[in-house]
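Peer 1: Okay, here's what each chain looks like letter by letter:
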Amino acid sequence: MSITIAKRTDSLKTGVGPLHFAQRVSSFKSLLPLFPFFAFVAYFLLFPLTFIVRDAFLDNDGKFTFSNFEECFKGVYGHSFFVSIQLSLISAAIGAVAGALIASAIVKTGTKSRRAIAATASVLANTGGVPLAFMFLAGFGSEGLVTKALKFLGWDLYAGSFTLFSATGIVLVYSFFQIPLMVLIYSPALENVKPEWREASDSLGGTKTTYFLRVTVPLLFPAFLSTSLLLFANSFSAYATARAMTSGTLPLMPLLIGNLVDGNVIANQQHLGHAMAVCMVGVSIIVMSIYVLVLRFSKVKR
Amino acid sequence: MKQRLNFSNYIVLLAASAFFIFPMVAAFEFSLRINEGKSYGFANYRWVFAEDGFATNLGVSFRLALLTAICVLVLMVPTIVYLHLGGARWKRLVEFVCLVPLVVPVISFALGVGTAFPTFLQSTVYELSFLYVIVSLPYTYRALDVGLSSIPLLTLVEASRASGASMRQTLMYVIIPTIRTAVNGAIFLAVALSLGEFTLAVLLHWDTFPTWIANVSQGHILNAIALSVLSLFGAWIVVMIFALAPKSLRSNKIQEATK
Amino acid sequence: MISENRVSVELKGLRKVYGTAVALDNFSLDIAPGELVALLGPSGCGKTTALRILAGLDTDHEGQILIDGKDIASVPANKRNMGMVFQAYSLFPTMTVLENVAYGLRVRRVDREKRNKKAQELLDLVGLGEMGARLGHQLSGGQQQRVALARALAIQPNVLLLDEPLSALDAQVRTQLRDEIKRIQIEVGTTTLFVTHDQEEAMAIADRVGVMRHGVLEQCAPPQEVYLNPATVKVAKFVGAMNLMPVEILSSSSVSIYGQSVALREGGSVPGTMALVRPEQLSLTLAKTQGRASATVFNLTFLGPLTRISVRMTGDARTLFVSMPSSAALEFVAGSLVDLRVLATSVLLDA
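Protein chains in written order, with the working numbering: chain U, 1 to 302; chain G, 1 to 259; chain L, 1 to 351.
A hint or two may mislead.
[To be verified] Below 30 Å or equal to it, Euclidean Cα-Cα: the simulated DSSO-like pairs (lysine-lysine) are: (1) U:Lys-29 <-> G:Lys-91; (2) L:Lys-234 <-> L:Lys-182; (3) L:Lys-12 <-> L:Lys-182; (4) U:Lys-29 <-> U:Lys-112; (5) L:Lys-114 <-> L:Lys-79; (6) L:Lys-237 <-> L:Lys-79; (7) U:Lys-74 <-> U:Lys-63; (8) G:Lys-91 <-> U:Lys-148; (9) L:Lys-182 <-> L:Lys-70; (10) L:Lys-114 <-> L:Lys-12; (11) U:Lys-29 <-> L:Lys-118; (12) U:Lys-108 <-> U:Lys-29; (13) L:Lys-12 <-> L:Lys-234; (14) U:Lys-112 <-> U:Lys-208; (15) G:Lys-38 <-> U:Lys-151; (16) L:Lys-237 <-> L:Lys-12; (17) U:Lys-29 <-> L:Lys-12; (18) U:Lys-29 <-> L:Lys-79.
FYI, nobody ran anything at the bench for these hints, they're computed from the structure.
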């Protein structure tokens, strides 16, 4: 400590250079308590990430190559980008809209029931994998309870090309955790909208529509958008549920990666899996950047 | 705060309830089927409890959850407290780092871990706990950050320091009790994640409760459905106890005290 | 209850810089054992910085801090054994009042029975003996600050540090608690540093008042001295109300104010053009003839025992304030023609 003090006094007398140094010393010192955190994250997050990137550029003999990435965009792998992104967009959109509607109804209820709903939503948002698949098979499968009930009422779910294992089916299943996630994360933002503002708007002669467009939308847009983004990332990376539902029939990126590195289906394709994994990170980063841009633009406009 | 719900609100809530309840009821109905669907009973549940894998794998998952919770407590609480005290200039960096897991799909992450980690780490199932800490970073960070923002942290810390407490004593006696709700929330998130996580466990070839359910489903479908119902219902009960517990346990008084 | 360890405090040449802003410059202050010194100044004048440096909560400063002659600059805050009371909201919200007071002893590993007994004694001292089982937020603001005081005293501190402890309270509670703090401080005899921006508070509570401006200690003296003989123009202007009156320089030691000659005091700005005169150092009489120092009463403000009269000078239309006992002010009404007299025997000059 005494060293820093000495440096700082010096610098005040002698000019800019040493002050810079002293500032750097003290800023380094202020970083020390964060060392455990950064060390942990570096080892358990950044270190593995560098390995995926490294392996994505290696061939089976350990030589540098771009061929994994070329392979990524061909055939079923190239197609999987399209399917995964499209499915995630639709799932995020449905989850966001339905979740926002539900949240705006829930926000009007009492504190206690809101807490119970939030707790329930946190459980539902975490369902996935085999348990979720079974629930939907039991409910919406060809022999499922809901299917039978609907048929009795005159609506045959399976009259068309619908199966639970198609993209539409997957979107339906994902909704089971996407909607609760939206409710869970979007509700706090809704609770920040004060009833007084509605009264203020009314007293100033605003209509219901102007209130919605001028107050509610600008206020909630960032929260809505960021939660939608979270939903996108959530369905984009969902592996357990997709695996339990489709057993590989639908070309989703996580499933293909899983098969490449884990299954015995195709031998020696580990590095292609890594390249796909890097691409997935890339897609996420692009989506995140679009989000940041949109947010900035919406702020400028206001 | 309670307001009147209008007609469309009721429609929305009704439709949502139907969407969530029907699959659960259907799964429950399936899980009760015995004798190839000819009659109902709890035989599928009894089978589950009798299996060796049930206790073993549930035990593994619980131990993972415990270690994850400890790591979150030891690593994240001091870090975020420091960001709110002297280290404010690093807040944005840490916040950014904590959001990184959101853009890294778990499957990509699992791949990297598989190749990067040395064997001594890969030889124990507890490596999963460290990874769960990473995956839960965005959520635990947020919970703790919000909790710390709602109290006059600096004054409390200085009062404690002036009373002669070390930083460790201040954390244990003052800060953690004061933000107990937030700490509980963060730990709860991490525990829920540990108990339900599938992707990392299966790709790193470990047997945990979720992977065991997946195994059971190969060949024992009704038993697996019974298990699914059990796990969902169990989680829901625990969460509801937390959420609706009497005030003293949730320590809402803190918010009142610091208004 | 008398504290066994009455210590002296010496702060020598303290200097603290935040970025480019100098919060404290060449700050030196001696506090005698058992003395209560109040640091007085507007927000941002460095008074809190001085207190926090003494507490060890602000580090990286220049200068020495001596307790009984020993330099404690390198001792961390939690080893300095100083009791501190903050502005507000410093009670630990999860602990009862008794646990709060016992906290300092708990971290010193004093056993439960002993520390609770001590805490109860202190609660009795601050008049909250019955409140031990409550939680902080169940008490009023004034009660909370009493608990904070008890907590600070529980560790038998070397020095008691009070950082604007009354400023978040209602006016009535403030005066009451102020007198109580003074009583308790005399009772326990702990050397005390009290920081406030409220003049009346500082004057009422302190053995000596240190007036601060822009990180500099302008004067540190007993309250009467600060008020009656301000050492510098800044002190004179900050403490109490002051009239600025134009002067003619007569010699190096005297000036003329509206034709009245008055002695000059050391410490003012020389050569100055204005004399600093307090409202009660002026007097009014109903005018018989129009003299040179004649004025017109403009407004009267009744303040209970005193009345403040604003007058406009006939010559230069300058507005001055005169304060006098309300009984003496009865003969004046708005519009009265008056003669003004300067009662001060010596004045400070301002530029």
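Peer 1: Hint by hint, note whether the structure agrees.
Peer 2: Right, here's what the structure says about each hint:
1. U:Lys-29 <-> G:Lys-91: holds, 15 Å
2. L:Lys-234 <-> L:Lys-182: Holds, at roughly 27 Å.
3. L:Lys-12 <-> L:Lys-182: holds, 26 Å
4. U:Lys-29 <-> U:Lys-112: violated, 46 Å
5. L:Lys-114 <-> L:Lys-79: holds, 21 Å
6. L:Lys-237 <-> L:Lys-79: violated, 40 Å
7. U:Lys-74 <-> U:Lys-63: holds, 21 Å
8. G:Lys-91 <-> U:Lys-148: violated, 55 Å
9. L:Lys-182 <-> L:Lys-70: Cα-Cα ~27 Å, so holds.
10. L:Lys-114 <-> L:Lys-12: The given pair, whose Cα atoms are some 38 Å apart, is violated under the 30 Å limit.
11. U:Lys-29 <-> L:Lys-118: Between Lys-29 of chain U and Lys-118 of chain L the Cα gap is close to 40 Å, so the pair fails against 30 Å, i.e. violated.
12. U:Lys-108 <-> U:Lys-29: violated, 49 Å
13. L:Lys-12 <-> L:Lys-234: OK: Lys-12 of chain L and Lys-234 of chain L at ~22 Å, within 30 Å.
14. U:Lys-112 <-> U:Lys-208: holds, 29 Å
15. G:Lys-38 <-> U:Lys-151: holds, 22 Å
16. L:Lys-237 <-> L:Lys-12: Since the Cα atoms of Lys-237 of chain L and Lys-12 of chain L sit roughly 27 Å apart, the hinted pair holds (cutoff 30 Å).
17. U:Lys-29 <-> L:Lys-12: holds, 27 Å
18. U:Lys-29 <-> L:Lys-79: Status holds; Cα separation ~22 Å.
Of the numbered hints given earlier, the model fails hints 4, 6, 8, 10, 11 and 12; all others are met.
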